[in-house]
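When you get a sec, could you build the whole thing from the sequences and use the hints?
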Amino acid sequence: MPRPIFALVDCNNFYASCEKLFRPDLKDRPLIVLSNNDGCVVARSKEAKALGIKTGVPVFKLRHEIRQHNIALFSSNYALYSDLSSRVMRSLEELAQRVEIYSIDEAFLDLTGNQSLISNTAFGQQVRQVIGDWTGITVCVGIAPTKTLAKLANHAAKQYPATQGVVDLSDPLRQRQLMALLPVDKVWGIGRRLALRLQSMGINSALDLAKANPKNIREQFSVVVERTVRELNGESCISLEEAPPTKKQIVCSRSFGSRVTTVQEMREAICQHSARAAEKLRKEKRYAKRISVFIRTSPFNAHQSQYSNSATGELSVPSDDSRDLINQAMRLLNSLWRDGYQYAKAGVMLSDLYAPGVYQPSLFDQGSQRQPPNQKRQESQKSQALMSTLDKINQGGKSKIFFAGQGVKTGWIMKREYLSPAYTTNWDDILKVK
DNA sequence: TCTGGGGTCCTAGGACCC
DNA sequence: TCTGGGGTCCTAGGACCC
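According to my numbering, the first sequence is numbered sequentially starting from -11.
Read the hints as simulated data drawn from the structure, not as lab findings. These figures come from a predicted structure and were not determined experimentally. Positions of the beta carbon are idealized from the N, C-alpha and C atoms, including for glycine. Among the hints, erroneous ones may be present.
Label pairs and their in silico Cβ distance ranges [unchecked claim]: (1) 15 - 347: 53 to 61 Å; (2) 318 - 103: 54 to 62 Å; (3) 343 - 54: 43 to 51 Å.
See the structure below:
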C-alpha cells in the first residue's frame, strides 16, 4: 500500500466571495453575509475580518460598525452559493481522480500514488490557478498524509500569506513545527468543550495533543478523540468518502420572521416544513416511517415564559407522500400546542428512512389487510404520479403549487432584506453588459 | 425589535428478554 | 418473594462539523 496523501481544498470566505463575484464595485469594501432571517453574521470578506467582526454575532449589535465602515450587507442566497459550489467541485473533479465533497466550500482530494511529475506544492498552485480561472473563486490547499493534518495545513495556508495559499505537510518535521504554533482548538474534531477539558489537563497546542497517549485519551474522552491523536501523528484513520452517504434523517426548521402566537399560523408553518421535508425525501429516493415536530419560544428572551416541546409519531407504513406526512405532522402539532406563548421557531424531522421496496410490513400493521392488494397498488401509483408532478412544477425552489394548509398571507415568513439576485440560476437575474 | 440551519457520531442508561 | 448476569435494542443527550 502506498502511503496516503490527502489535499484539502477550501474556498476563501466563500459566501462573501460569491457575492463579490457579481459586484466588482464592492471589491475592496468590507462585506458580511447574514443568516436566515438576517439574524447574525455567517460569513465575512477579508476586509470585514480585518475589522474584527466575528461570525455568529447578531447583526443588531453591529449597527455602529456597519455605518462607520460602510459595510455591505447581504442576506444568505443559497441558490447562488450552491451553484458556484458545484462549479468549483466539477472543476476539482477534472484535476483529481478521487474527490470527496466535504461541504459547500471544501473538498478532499486523494493524491495517493499520484504519478505526476510535479511536486505537491506545485500541484496545489495549479489547483489554485485553475479554480481561480474557471470560477473566479480563490481557494487554499493543504496537503498531508491524513485528513486531520491536511485540515491543519489548509489552516496554515490561509493564515500565512507567505505560503501563497498552499502548504505541504508531508514532512513530519514540518508537521511538528506547525502543530507547536497552533492552539488545540484549531484541530479538526476538537470543539470548545473538548478544548476546555484538554487545556485543564495541560494540553494547549496541537502538538501537546499529538504527544498524548492514545490509550489514555480514549479512556478519558472517546474513540473519536483517540482517532484524532493518531491522525495528528500521521496514521491515517479517516478515509476518503467519494459517494455521499445516504441520509439518516431530514430536518426542515426555521426561526420565524416575527413571533407566532396563533395555532393557525403555526399550522401553516408546520405544513410548509412538512411539505419541504417531503420534497427532500423524494429527492433522496427514500420513504420515512417516523416524523417528529418541535416548537419553541426564544431562549434569548428571559422575560417571557418559555415553552419547548417535541412529539414523534409513526406512519403505519413508510411514505414519501406529502399528504401523509402533513396529516401526521398536524396531529402531532395538536398534541404539542399550548396557547399563550410567543413562538420563535418550529420544525419537522423525518427519520427511520427506507429505500424503495426494503420495508417489510409486519402482519399486524394497520391497513395491511383492509384493502385488497390491487387497490393498494393503484393508490400507490396515483400517489407517485401526483408527487412527481408536484415536484416537477415546483422545480427550482419556487413553490408555484402548494398545499392549502401552507397559507398565503404568512406574517411569519423569513426575512431577507438584503438578498442579491440569482445571477446564475434565473434568466431574469442574469447580468447584462451594457 | 433584532441571536441560523442541517447534519453526523458516540455514549450512557433504560427496557426487555433469557 | 427474591435474586444475578448477560445480551440486545432503542432513545436522549452531548459533542462535533460546516
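Outcome of the hint check:
no. : hint                  : in the structure
1   : 15 - 347: 53 to 61 Å  : holds (55 Å)
2   : 318 - 103: 54 to 62 Å : holds (60 Å)
3   : 343 - 54: 43 to 51 Å  : holds (49 Å)
The structure meets every hint from the earlier list without exception.
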